[in-house]
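2 protein chains.
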Amino acid sequence: MKLSDLGEFGLIEKIRRATPQGTGVRLGIGDDAAWVECRKPTLLFTTDGLLEKIHFNLQWTSLKNLGWKSLAVNLSDIAAMGGEPAYFLLSLGIPVDFKVEDIDKFCLGLAEAASEYGVSLVGGNTTASERLMIHISVMGYAPHGAIKRSGGKIGDDLYATGTLGDSALGLKILKRKRKRMREIERFLASRHERPSPRVDIGKRLAKEGLATAMIDVSDGLIQDLTHLCRSSHVGAEIWSDAIPLSKAYRSFVGKRDPIYALNGGEDYELVFSVPQKRARRLDRLKRLFKTPVSRIGKFVEAKKGIRIINSKGETVTVPLSGYDHFKL
Amino acid sequence: MKLSDLGEFGLIEKIRRATPQGTGVRLGIGDDAAWVECRKPTLLFTTDGLLEKIHFNLQWTSLKNLGWKSLAVNLSDIAAMGGEPAYFLLSLGIPVDFKVEDIDKFCLGLAEAASEYGVSLVGGNTTASERLMIHISVMGYAPHGAIKRSGGKIGDDLYATGTLGDSALGLKILKRKRKRMREIERFLASRHERPSPRVDIGKRLAKEGLATAMIDVSDGLIQDLTHLCRSSHVGAEIWSDAIPLSKAYRSFVGKRDPIYALNGGEDYELVFSVPQKRARRLDRLKRLFKTPVSRIGKFVEAKKGIRIINSKGETVTVPLSGYDHFKL
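Chains A and B, in that order, are what the protein sequence lines are.
Heads up, the first sequence is in my numbering, so the first residue is 20 and it goes up one at a time.
Heads up, the second sequence is in my numbering, so the first residue is 20 and it goes up one at a time.
These aren't lab readings, by the way, just hints derived from the structure by calculation.
Hints may be right or wrong, so weigh each one.
Same chains, same label: a pair holds when it works inside one copy or across any pair of copies.
Unchecked claim - Subject to a maximum C-alpha distance of 30 Å in a straight line, what follows is the list of computed DSS-like cross-link-like pairs (lysine-lysine): (1) Lys59 / Lys266; (2) Lys274 / Lys83; (3) Lys33 / Lys83; (4) Lys72 / Lys21; (5) Lys172 / Lys33; (6) Lys198 / Lys72; (7) Lys322 / Lys198; (8) Lys33 / Lys322; (9) Lys83 / Lys198; (10) Lys72 / Lys118; (11) Lys266 / Lys196; (12) Lys226 / Lys198; (13) Lys323 / Lys33; (14) Lys33 / Lys72; (15) Lys83 / Lys322; (16) Lys72 / Lys124; (17) Lys322 / Lys72; (18) Lys59 / Lys226; (19) Lys226 / Lys33; (20) Lys274 / Lys196; (21) Lys296 / Lys226; (22) Lys83 / Lys72; (23) Lys322 / Lys226; (24) Lys331 / Lys194.
All figures in this text were calculated on a predicted structure; none of them were measured in a lab.
Let's have the full structure, built from the sequences with the hints guiding it.
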């Protein structure tokens, strides 16, 4: 069945059924606006969109994973503030000849992410469009205050969650469109298609008052670190050997070359700064996390810029290739 | 100058400067998420998008008016709940060859609407896209509870704010692309391009506990009334002669034919039901509003459906043409 047979209101009903309503929702999908309870004195509010042919390509991305990822990238923004996501809106632009089964798959992935992170879909809107476009807005709480990009100080240590660069390699692998993948390839592809926003870690860092500045890695470590440095008026020194790389990454690249970890986007890991005097508290806390947290460098004076330093103490020159949507 | 020269971060800075930050904003544009104060126990949350060639055409729509309208259509959804808008996010997809002056014009219209209705732009995201696309999400308060679509009862009177059908005529006029317009044409075109969300009226109705059900007219009176009737499990009788038409409408159409008022969308007026026993309280309240409020019919039993009745008591058959984005 095609979307044109289902119609706009059939589509909305389908989405409503696929995504169960959570607590705090006084009025969900189906009115002019959602009406929800607000349980804390401050809120976080973010939006991100994924557009076909710009952010994803249906030739190598499954609809189910796209549903997951659309929500996950937004949850990652809440995680990067140390917040707790609560509600979200979905704005869908879909071609009229879209298959209803594909919409079902998309809803399934979306519902999996919503359930995993405890957020409720409360409204949105749908429209016909030439290409698939997904916009999500998330509202969350900042129960322990928000961790901004701007609080970093010279001398603070820099940390990263998880491993970096897997997503960029995963995209390379997916683009090959091979039917069979080795296990490491499947792992890397899944890191691209189903990122895990680090909500628990972000929230815990806020609760313990450990991080002075934080960002999630969506455009690539160097580019996102640049944002962090600019906001905090500092520079950064990154130790290339300390950058956390997965076994799959090392096996796929064949050596310990961190280039994909430095420039590859869409890892949705957190990068944050912690004053050295709090390092031991962070070490104790790290044991509670399922995801590893690695020290990758430190903040230095702004005039030193961002430098990548190898184990011999040499500064490594890295071609900057962070993403600007409008640069030709 | 083109957008490709300005770059993504130049664009974001431009938008930030054009839209001053209001109260309650702890952290606006420039971090992973906005951080705002929440001053009431419940919130409204809505999103709506305008896509080039689907919702607007730059051949006959000015960028400044588009900026206004993008926000206004969202504020209208908050108005339709009886709410008070507070903060919004802007998600922009822009072609890379877009002129920077046109972005300035868009920001100007957007800032005018934000200032008029006291809402703060707190974040968003930007991306390159083939055609211009604007998604806005608004967060507001429901200080007096929300007026749902579902609270209507048989016997409740139906009211509409302002005048209906002007926007559909305005679009007809704009499509002609004439350089010179008569005064009535300018009025109708402006009703299409710069709708006035009825936030004050909606909020007052909620405060006084007068309306049992409410919706804003975005898809056309009949279609939106159908939503209201379905949610409230009632039918409706509309008196065709009672439908409020502007002088410009009557002059342009040349007679009192309400067809554009019945089927034309994008008026962004409110339609709401009030129990007859509260009619006198509403009459007293109406005097306080700058915008007229007209009684246009009443809710009847669901099995009677929606009927349009003329002054002779005859049922008028109206070709239904409400909009479904996915019907071919």
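For each hint, the structure was consulted:
1. Lys59 / Lys266: neither (41 Å within a copy, 49 Å between copies)
2. Lys274 / Lys83: neither (33 Å within a copy, 54 Å between copies)
3. Lys33 / Lys83: within (15 Å within a copy, 37 Å between copies)
4. Lys72 / Lys21: Classified as both: same-chain Cα gap 21 Å, cross-chain 22 Å, threshold 30 Å.
5. Lys172 / Lys33: between (49 Å within a copy, 28 Å between copies)
6. Lys198 / Lys72: Result: close within a single copy only, 21 Å intra versus 38 Å inter.
7. Lys322 / Lys198: Cα proximity of Lys322 and Lys198: none, with 49 Å in one copy and 55 Å across.
8. Lys33 / Lys322: between (55 Å within a copy, 26 Å between copies)
9. Lys83 / Lys198: within (17 Å within a copy, 50 Å between copies)
10. Lys72 / Lys118: both (18 Å within a copy, 23 Å between copies)
11. Lys266 / Lys196: For Lys266 and Lys196, only the intra-copy Cα distance (22 Å) is at most 30 Å; the inter-copy one is 62 Å.
12. Lys226 / Lys198: So Lys226 and Lys198 fail the 30 Å test inside a copy (45 Å) and across (61 Å) alike.
13. Lys323 / Lys33: This pair counts as between: shortest inter-copy Cα distance 28 Å, intra-copy 54 Å.
14. Lys33 / Lys72: The answer is both: 25 Å in one copy and 27 Å across copies each meet 30 Å.
15. Lys83 / Lys322: neither (45 Å within a copy, 41 Å between copies)
16. Lys72 / Lys124: both (19 Å within a copy, 28 Å between copies)
17. Lys322 / Lys72: Classified as neither: same-chain Cα gap 38 Å, cross-chain 48 Å, threshold 30 Å.
18. Lys59 / Lys226: both (14 Å within a copy, 24 Å between copies)
19. Lys226 / Lys33: neither (38 Å within a copy, 34 Å between copies)
20. Lys274 / Lys196: Within. Shortest intra-copy distance 24 Å satisfies the 30 Å Cα cut-off; inter-copy 63 Å does not.
21. Lys296 / Lys226: Within one copy, since 17 Å is at most 30 Å while 53 Å is not.
22. Lys83 / Lys72: both (17 Å within a copy, 29 Å between copies)
23. Lys322 / Lys226: Answer is neither: 32 Å inside a copy and 56 Å across each miss the 30 Å cutoff.
24. Lys331 / Lys194: Intra 36 Å, inter 68 Å, cutoff 30 Å: neither.
The earlier numbered hints that this structure contradicts are 1, 2, 7, 12, 15, 17, 19, 23 and 24.
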